[in-house]
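Engineer: So the protein lines, in turn, are chains A and B.
The number in our numbering is simply the position in the first sequence, starting from 1, with 107 added.
The number in our numbering is simply the position in the second sequence, starting from 1, with 45 added.
Just so you know, these hints were derived from the structure itself, not from any lab.
Glycine included, C-beta positions come from ideal geometry on N, C-alpha and C.
It is possible that part of the hints are untrue.
[Claimed, not checked] Negatives, chain A to chain B, calculated, CB over 12 Å:
{"hint": "1", "residue": "227"}
{"hint": "2", "residue": "280"}
{"hint": "3", "residue": "283"}
{"hint": "4", "residue": "291"}
{"hint": "5", "residue": "329"}
[To be verified] Restraint ranges, calculated between C-beta atoms of paired labels, are given here:
{"hint": "6", "chain 1": "B", "residue 1": "378", "chain 2": "A", "residue 2": "321", "range": "54 to 64 Å"}
{"hint": "7", "chain 1": "B", "residue 1": "262", "chain 2": "A", "residue 2": "186", "range": "27 to 37 Å"}
{"hint": "8", "chain 1": "A", "residue 1": "306", "chain 2": "B", "residue 2": "188", "range": "43 to 53 Å"}
{"hint": "9", "chain 1": "A", "residue 1": "300", "chain 2": "B", "residue 2": "136", "range": "55 to 65 Å"}
{"hint": "10", "chain 1": "B", "residue 1": "336", "chain 2": "A", "residue 2": "234", "range": "51 to 61 Å"}
{"hint": "11", "chain 1": "A", "residue 1": "294", "chain 2": "B", "residue 2": "300", "range": "51 to 61 Å"}
{"hint": "12", "chain 1": "B", "residue 1": "245", "chain 2": "A", "residue 2": "209", "range": "50 to 60 Å"}
{"hint": "13", "chain 1": "A", "residue 1": "178", "chain 2": "B", "residue 2": "119", "range": "47 to 57 Å"}
{"hint": "14", "chain 1": "B", "residue 1": "144", "chain 2": "A", "residue 2": "283", "range": "27 to 37 Å"}
{"hint": "15", "chain 1": "A", "residue 1": "192", "chain 2": "B", "residue 2": "178", "range": "23 to 33 Å"}
{"hint": "16", "chain 1": "B", "residue 1": "190", "chain 2": "A", "residue 2": "227", "range": "31 to 41 Å"}
{"hint": "17", "chain 1": "A", "residue 1": "250", "chain 2": "B", "residue 2": "136", "range": "41 to 51 Å"}
{"hint": "18", "chain 1": "B", "residue 1": "288", "chain 2": "A", "residue 2": "231", "range": "31 to 41 Å"}
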Amino acid sequence: MLAACSGNGQGLDAGGRPLPSGGTVGGALTADFDSIQQHVFTPICTACHAGGGAPQGLRLDAVNSYALLVGVSSNEVSSLLRVKAGDPDNSYLIQKLEGHAPVGAQMPFGGPPLPAATIAVIRQWVSDGALRSPVAVASARFALTAAVPGMRDLVLEPPLRIVLEFSQELDVTRLDASSVHVARVSVDGSLQPVPVTLTIPAGDPRALVITPMSAFVAGRYRATTGGANATALAGIATGLAPAAGGGETVVCEFDVVAER
Amino acid sequence: MRCATPRWLALLALVLCAPASAEPYLALQTGYKCVACHLNPTGGGLRSAFGTVFSENVLPQFTLPAGAPVWGGRLLDRLALGADLRTSWERASTPNVGSQGDSGLRQLRVYADLALIAERLDVYLDESVAPGRARELEWYARLNDTHTGLYLKAGQFYLPFGWRLQDASAIVREISGIGMTVPDKGIEIGLERPAWSAQVDFTDGTVNAGGGSGHQVTGQLVWVQSRFRLGSAASFSHSAGGDRRVGGVFAGVRTGPVAWLGEVDLVRDEGFSEGERRLVAALAEADWAVHRGHNLKLTAEFFDPDRRIAQDQKTRWSLVYEWTPVPFVQLRSGIRRYRGIPQNDTDNRRVVFVELHAFL
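The task is simple: from the sequences and hints, build the whole structure.
Structural biologist: The following block contains the structure:
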């Protein structure tokens, strides 16, 4: 009976979050940060290490994990960095995964240890300098990789903010009020602009946080980038497919069911 | 066959190790409050003299022969000592990963309580000896007023919230963020009356362990009757990661040889990158005292990690058999079945385990 209560996962990624518009999952685990995030941190570690209650304040969701891991001292053993670039043996993350950390239980807590092959890949990433996806940064074109809420999401309560994640770091000097537009979509299809503030978190220069100046209410919302007056975010429009018939690109559209 | 002597058992405990927190179902089956068997009013850790006698004479299938030396839990009149050891073997079968075996010492802890002023002022220590380097888990001073039932605890300790389950991986313990894995620093004001138990805690916050700035306020109220108990708990924590509110209700009742436990926790967490999430965790447990020293435990757990997202729920079933053959030694074996979204292999694993738990 209770087993029937488990979700079927339709439309979700391995971490239980809505799939980004046009996003894909899969592929083998490789020794780069994005792959490790997708295959290890998000589906396994964020079961506990997420939100305001994350143990040791270590949040391993896609927005926070890199900034809280690489070059950051461990809380439990302050003389060790969680990830010491180039030195897996002295990286607390590796010690916790391998089960020989001087303090506390082996991770993942309460679950089976990660397979040796998986830990080996993470070791390789640390040995390679613990870079934030150097290949992707160097070669991939600028693109939206995730949006929360995502395209066609149905959210029961108004989100406090919209978070967009891009494939490359954003140029904060290019950020202005015209970079992203948010509008409430009326029943007749007309758009009512929603004033927002835009910020790039210090710990994640690839993320753009869009905060409404007044709370979202019930209804449909659409966020767009580009347009004739946009100054663009590192050439943001060039990496995103424009919406049909217009110069702007819809990056997310969601429905809010009820007001907070 | 000659039964084990306390000295032999003490040696076993020190050699093998395991954590000795009694399960709350025992409190339900006996009608006792936690403080009846533990020096800590909120349960767990070092046993009281009564708890030690209970462990020797009531809990196990076979007791010590008449005239055998009795371990009373004390070395000196004012110094109580204890230890807790847990070692286990487990095998996890995960889709697309295969089977993984894992075994070893999970925990070895030693406890001490020194009554500086008899029945008035105690200092308590709970030290983890292994695995890893030794470290203090709990250390606090406790000022008691036996007349009113009030007490004040100051130092580092585990917070009270819901059923204090032995299984630290229980969903309600992981999701509430309050269990017996991460202690917190601060003060606790408590009240122990015959039918009531209440605590209010002002602490740094378990999430801020190790240097983060913030605070946490936790409260719990439990109504205890001989056949049932009903409790509620709430917690608010503030940290750099975001504010978090947790509320829970829990209850238990005894029907013949079966003790039933239930808990529902609701979490409002503002620490997620997209904003607030509301989480729900629930537990239902039945403990059947099959025979003296034997317990069959069936647990069903449910977790909704984000109420706004459909079809992301997880469940966990556990069937565990506990056998306490002789005083201070328990063998546990069981199977846990995890169910979650099919694209997450770890959330669909099956775990079989055998555990040796020895305690003093």
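Engineer: Evaluate each hint against the coordinates.
Structural biologist: Checked hints:
Interface exclusion of residue 227 (chain A) from chain B stands, the closest Cβ pair being 14 Å apart, more than 12 Å. The non-interface label for residue 280 (chain A) is consistent with chain B: the shortest C-beta to C-beta separation is roughly 23 Å, beyond 12 Å. The claim that residue 283 (chain A) is not at the interface with chain B holds, since no C-beta of that chain comes within 12 Å of its own (minimum 23 Å). Its beta-carbon lying about 18 Å from the closest one in chain B, residue 291 (chain A) satisfies the requirement of being farther than 12 Å from that chain.
With 12 Å as the threshold on Cβ separation, the claim that residue 329 (chain A) sits away from chain B holds: the shortest Cβ distance comes to roughly 17 Å. For the pair residue 378 (chain B) and residue 321 (chain A), the beta carbons lie near 57 Å from each other, so the given range of 54 to 64 Å is met. Residue 262 (chain B) and residue 186 (chain A) have their C-beta atoms about 32 Å apart, which keeps the hinted 27 to 37 Å range intact. Between residue 306 (chain A) and residue 188 (chain B) the beta carbon distance is about 48 Å. The supplied range of 43 to 53 Å therefore holds.
For the hinted restraint 55 to 65 Å between residue 300 (chain A) and residue 136 (chain B), the CB-CB distance of approximately 58 Å keeps it satisfied. For the pair residue 336 (chain B) and residue 234 (chain A), the beta carbons lie near 56 Å from each other, so the given range of 51 to 61 Å is met. For the hinted restraint 51 to 61 Å between residue 294 (chain A) and residue 300 (chain B), the CB-CB distance of approximately 56 Å keeps it satisfied. Residue 245 (chain B) and residue 209 (chain A) have their C-beta atoms about 34 Å apart, which leaves the hinted 50 to 60 Å range violated.
Take residue 178 (chain A) and residue 119 (chain B): their Cβ atoms lie about 50 Å apart, and the range 47 to 57 Å holds. The hinted window of 27 to 37 Å between residue 144 (chain B) and residue 283 (chain A) is violated, with their beta carbons roughly 55 Å apart. Between residue 192 (chain A) and residue 178 (chain B) the CB atoms are about 25 Å apart, so this pair conforms to the stated range of 23 to 33 Å. Between residue 190 (chain B) and residue 227 (chain A) the beta carbon distance is about 58 Å. The supplied range of 31 to 41 Å is therefore violated.
In this structure the supplied range 41 to 51 Å holds for residue 250 (chain A) paired with residue 136 (chain B), their Cβ-Cβ distance being about 42 Å. Range check, residue 288 (chain B) to residue 231 (chain A): about 38 Å between beta-carbon atoms, so the 31 to 41 Å window is met.
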